[in-house]
Structures are given as structure tokens and as C-alpha cells.
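Enquirer: Protein chains in written order, with my numbering: chain P, 1 to 166; chain F, 1001 to 1342.
Hints in this document: simulated from the structure, not taken from any laboratory. Treat the hints with care, as some may be off.
Below, computed lysine-lysine pairings styled on DSS-like, alpha-carbon distance capped at 30 Å [as the list claims (entries may be wrong)]:
1) Lys25(P) <-> Lys1072(F)
2) Lys162(P) <-> Lys1072(F)
3) Lys129(P) <-> Lys1075(F)
4) Lys1075(F) <-> Lys1144(F)
5) Lys26(P) <-> Lys1144(F)
6) Lys1144(F) <-> Lys25(P)
7) Lys162(P) <-> Lys1144(F)
Now the in silico label distances, taken between C-beta atoms and shown as ranges [claimed, not checked]:
8) Gly156(P) <-> Val1014(F): 33 to 41 Å
9) Leu1298(F) <-> Leu151(P): 47 to 55 Å
10) Leu1019(F) <-> Val13(P): 26 to 34 Å
11) Lys25(P) <-> Ala1047(F): 44 to 52 Å
12) Arg1310(F) <-> Ala157(P): 42 to 50 Å
13) Leu151(P) <-> Pro1198(F): 22 to 30 Å
14) Tyr136(P) <-> Glu1066(F): 55 to 63 Å
15) Val13(P) <-> Tyr1311(F): 32 to 40 Å
16) Ser146(P) <-> Pro1070(F): 42 to 50 Å
17) Glu1182(F) <-> Phe143(P): 21 to 29 Å
18) Lys1144(F) <-> Ala95(P): 35 to 43 Å
19) Phe1195(F) <-> Ser146(P): 33 to 41 Å
20) Ala157(P) <-> Ile1199(F): 47 to 55 Å
21) Leu1017(F) <-> Tyr136(P): 52 to 60 Å
Covered stretches of chain F, as calculated for chain P (at least 3 residues, CB under 8 Å) [what the hints assert, rightly or not]:
22) 1119-1125
23) 1148-1156
Heads up, the beta-carbon is just placed ideally off N, CA and C, and yes, glycines get one too.
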Amino acid sequence: MFSTYLFFFLSTVALISAVMVLLSKKPIHGVLYLTLTFFTLAGHYILLNAQFLAVVHIIVYAGAIMVLFLFTVMLLNLNIEGEFQKSTLMKFVAAIAGGMLFLVLIGTLKSFDVATVGNPELTQIGLVKNLGKTLYSEYLMPFELSSILFLSAMVGAVMLGKTTKK
Amino acid sequence: MDIQFVLYKILLSVAILLLSLVIAMYSTLAERKVAGFFQDRLGPNRAGIFGLLQPVADGLKLFMKEEFMPAKADKVLYILGPSLTMLVALLTSAVIPWGGTLQIGGNEFVLQVADVNIGVLYVFAVVSIGVYGIMIGGWASNNKYALMGAVRAASQMISYELAMSMSIVAIVMTSGSLSLNEIVTQQAGMNWNVFTQPIGFVVFLICAFAETNRAPFDLPECETELIGGYHTEYSSMKLGFYLFSEYINMFISSAMIASLYFGGYDFPFMNDLGLSHNMVTILGTVALFAKISFFGFLFMWIRWTLPRFRYDQLMRFGWKGLMPWAIANVILTGFFHLLFKK
């Protein structure tokens, strides 16, 4: 009963803050609303008894990525309105691209079989112990491969940063 | 989930909250007394006996000061900054085990608010969102010095977070658990992690200094370059919140160091004294607070001994000094763990 109320509360906050990301005039407010959205999503994960996913979600998105976003936005000083006027062509392209993404999402959702989540208290897969065991036995190969992918991305970022020196 | 359990948890949370605030209050006095001791003077001694009422006087002064807000500040974010810093500072205390169990009337009461099986990760998460309060406050003040301070604080915290996490990873590897309570229990009987993880301990200690923005890492509020850093434009109790949360962070960091490396509420000959279960638990909590006080003193000792780093030195030290040590510690730990323990 209590978790139902929590679900609706979290969903409402998530939707409102997600819309506010688009509507807010100042970029900083947008970034902060996005962070709030991530926190409400983490709350949803906890309701589904996936504590590990919730905490990692906060560490990675709210703790690392959004801090870097905030950092960049603060330094860019995007406050002056009208500095970044988009041309008509840009708006046109953006509308088409966004519309196509929307179509793809709707298409996926239509063919999607809506599965009901079983009682979260009974599904223990979200707990760190079970998740770790599955990840390191059944999915060991993809897991290690993705770590190489991340490493190469990091090396690439360092290389890009270095080219300015010459 | 019976009503007694809920009531007990609420009571415990309130008790820990009040305790953190009172300890932070008296840490300010302790800091000034320690500073006096190091500089061969008496420190504050006018308000009350030995200056014991000094924190009250300071608090009253902060409340009475003019509430000032810069004209071009972002009003909502300006208030959100210090509030968020305070909130985040108080969050970590939920997972720290403050003692063993108390047996009252056939019921066992655990002296820990939430024994989650991801306790260590929860601490990481709280530490990683600690930057927001400072960044938001610094940006919303609409002041160059405040922004510079905020940017410094954020980059410093991000840099030292990594080495800190790496040093805890080594502990997680040896204990095989992410629950703080489990980590503390495994250290019982003087089997403290500091003996098996000396490198990790030193790295963690240095990172704790950097994360709390204390000297010699107090670059964000370096007054010779940045006036007051991120809280330049703050006055009254909003400034008080920023200063206060620093002391709460110090207290919580000391508690974390004590729990992770010094056995938490464990003390020598814990089970050989022939005392009752409750007595041992209470003595254990006293021992934990003695350890916390020692590390609190260490924080102050270093602040009044070492000069401040230069900013580029700080960054180089974090990435090129601490990170390799932390990684080497993880590799060594894994090596020894595979070799000697099964």
C-alpha cells in the first residue's frame, strides 16, 4: 500500500522534472532537474528491490556525469539569452530527428509484451550478491569486453586532450 | 515491520542526528582550543567555564547577523546550496554501525539505523553527490571568486573520490562484503584492517582530508586568492550551514576511518572481561567515540601544522601520487588474498 503511494509520488516527480528539463530557461536549472529525474528513477529501482542498481545509478549518473555537465555549463556561461540562436534549418532538422526517435520508441512499445513484475520482495536478482554471481559466471565475456570498450574510450579522451600541445 | 521497530529506528535516527549536531558544535570549540594550543595561546575562554559556552555564543551571533543576498543571485539555488550541503553531510550517518546490539526485555536492538547490504556503495554515492551543494552555492552567488572556489572544490572532490573508492575496494576484497556492519564484525578481536591494509589506510586518510576540504587541501576557500571561496557571498546562518557541515563531514569521516580501518566498536579484550552483553556494547560505543575523537584531533593537528598546497600540486598529487598507490594496493591485495587465504 505504502509502496503504491511512493510509486505514484516518484513517477509524478520524475515526469514533472523531466518536462522541466525541456522548459527551463537557464541551462543550469535544466541540468539540476535532470539530476532530480535520476534520483526519482533510483527510487523506482529501490521499490523494485534492486538496491545495487539504484546506488550505482546515483554514483554514475548523479555523482559523475551530471557533475561534469554542471561543471561545463557553469564554465560556458550560457546565461546570456539569445546568444545561441538556432537557424530555421537547425530547427527543421531537429524536429525531424526528434520525430523519428519518437516513432521508433512508439514502434518498440507497441510490439512490447507488457510483463508484470512479480513481487519485488521475492525477486532477489537485484541484490548485489546475486547480480555479481550472474555477471561473473553467465555474462563474463560481455562484461570483460565492455570493460575494454570503456578503457579504450578513456584512452581516446586522453589522446584528444593531448593533441592541442603538439 | 511492527510499530516497535519503526519507533526504535525513528528514535535512533533522531538521536544520531542530534549527536552529530552537538559534536559538530563542540568541534568548532575544540578546533579553536587546539589552534590555541599549537600557537601557544589559550584559545577562547570568555564564555562560560573554559569557554564551554563559546559554540552557543557563536551560533547566536550567526543567527543575529544580517541575512544578505546578492541582488543578481539566483534566489532559489542560493538557498538550495547550503541546505543541500547540510543534508548530504548528515546522510552518511545512517549506515555507520555505532555499536553492537542492546538486549532490553528479550528484544535485540541494533545500534545502526540501516544495515543495508550495499553500505559501502551508499557511502560512495553520498560522497559523490556532496559536490552539488558547494557548486550550486558558488554558482548562484554570481561572484567570480565564489565560482572559482566552487570549480576548485568540485574538481578536487572528483579527483580524490577515485583514489578513496579504490582504497575501499581493497577492504571489500578482503572482507567479501559491502555491508559496513559485516566489515566491522570481521575486525573483532584486534583483527583491524589497518594492520593488513596500511597503504589503503594512508590513501584513505589523505583522501578524507581532501573530501572534507580541510587543510592542507582547503583550496576552495583559500582566502589569500579567493577571499572566502564558494561562501564569499554568504552571511548569517547560511554561512553557518556551510561551516557547520564541514565539521559534520569531519565527524562522519572520522567515524568512517574508525569503522573501516580501526575495528569500529571493537576494543582489546572485548569478550574476556566477563561483562554483561549490554555493558560490552556500551563500552564498545565509547571505544568508537574515543577513536572518532582521536581522528577529529588528527584533522585539527594537521590543519594547524601543514601549509596549504598549491592548486596544481594538489591535482598532481591526487592523480599521479595517490591513484597509482591505490591501484597498486588493490592489485597487491588481490595477489595476497589468492595466495594465502582461501
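Enquirer: Against each hint, give a clear statement of whether it holds in the structure.
Expert: We went through each hint and held it up to the structure:
1. Lys25(P) <-> Lys1072(F): At roughly 16 Å apart (the allowed maximum being 30 Å), Lys1072(F) and Lys25(P) satisfy the hint.
2. Lys162(P) <-> Lys1072(F): 38 Å, violated
3. Lys129(P) <-> Lys1075(F): Given that 30 Å is the threshold and the Cα spacing comes to 45 Å, the pair is violated.
4. Lys1075(F) <-> Lys1144(F): Roughly 17 Å separates the two Cα atoms, so the pair holds.
5. Lys26(P) <-> Lys1144(F): 18 Å, holds
6. Lys1144(F) <-> Lys25(P): Holds, at roughly 22 Å.
7. Lys162(P) <-> Lys1144(F): Holds, at about 28 Å.
8. Gly156(P) <-> Val1014(F): 33 to 41 Å: Violated: the Cβ-Cβ distance is about 50 Å, outside 33 to 41 Å.
9. Leu1298(F) <-> Leu151(P): 47 to 55 Å: Violated, since Leu1298(F) and Leu151(P) (Cβ atoms, about 37 Å apart) do not stay within the stated range.
10. Leu1019(F) <-> Val13(P): 26 to 34 Å: 31 Å, holds
11. Lys25(P) <-> Ala1047(F): 44 to 52 Å: 48 Å, holds
12. Arg1310(F) <-> Ala157(P): 42 to 50 Å: 26 Å, violated
13. Leu151(P) <-> Pro1198(F): 22 to 30 Å: 29 Å, holds
14. Tyr136(P) <-> Glu1066(F): 55 to 63 Å: 59 Å, holds
15. Val13(P) <-> Tyr1311(F): 32 to 40 Å: This hint holds: roughly 38 Å between Cβ atoms.
16. Ser146(P) <-> Pro1070(F): 42 to 50 Å: At 46 Å between Cβs, range holds.
17. Glu1182(F) <-> Phe143(P): 21 to 29 Å: Roughly 25 Å apart at Cβ, these two residues keep to the hinted range, so it holds.
18. Lys1144(F) <-> Ala95(P): 35 to 43 Å: Once the Cβ atoms are compared, 39 Å apart, the range 35 to 43 Å for Ala95(P) and Lys1144(F) holds.
19. Phe1195(F) <-> Ser146(P): 33 to 41 Å: Given about 36 Å between the Cβ atoms, the range holds.
20. Ala157(P) <-> Ile1199(F): 47 to 55 Å: 28 Å, violated
21. Leu1017(F) <-> Tyr136(P): 52 to 60 Å: Because 39 Å falls outside the window, the suggested range is violated.
22. 1119-1125: With 4 residues closer than 8 Å to chain P, the segment 1119-1125 of chain F meets the three-residue bar; holds.
23. 1148-1156: holds (count 4)
Figure legend: structure checked against the earlier numbered hints; hints not met, in rising order: 2, 3, 8, 9, 12, 20 and 21.
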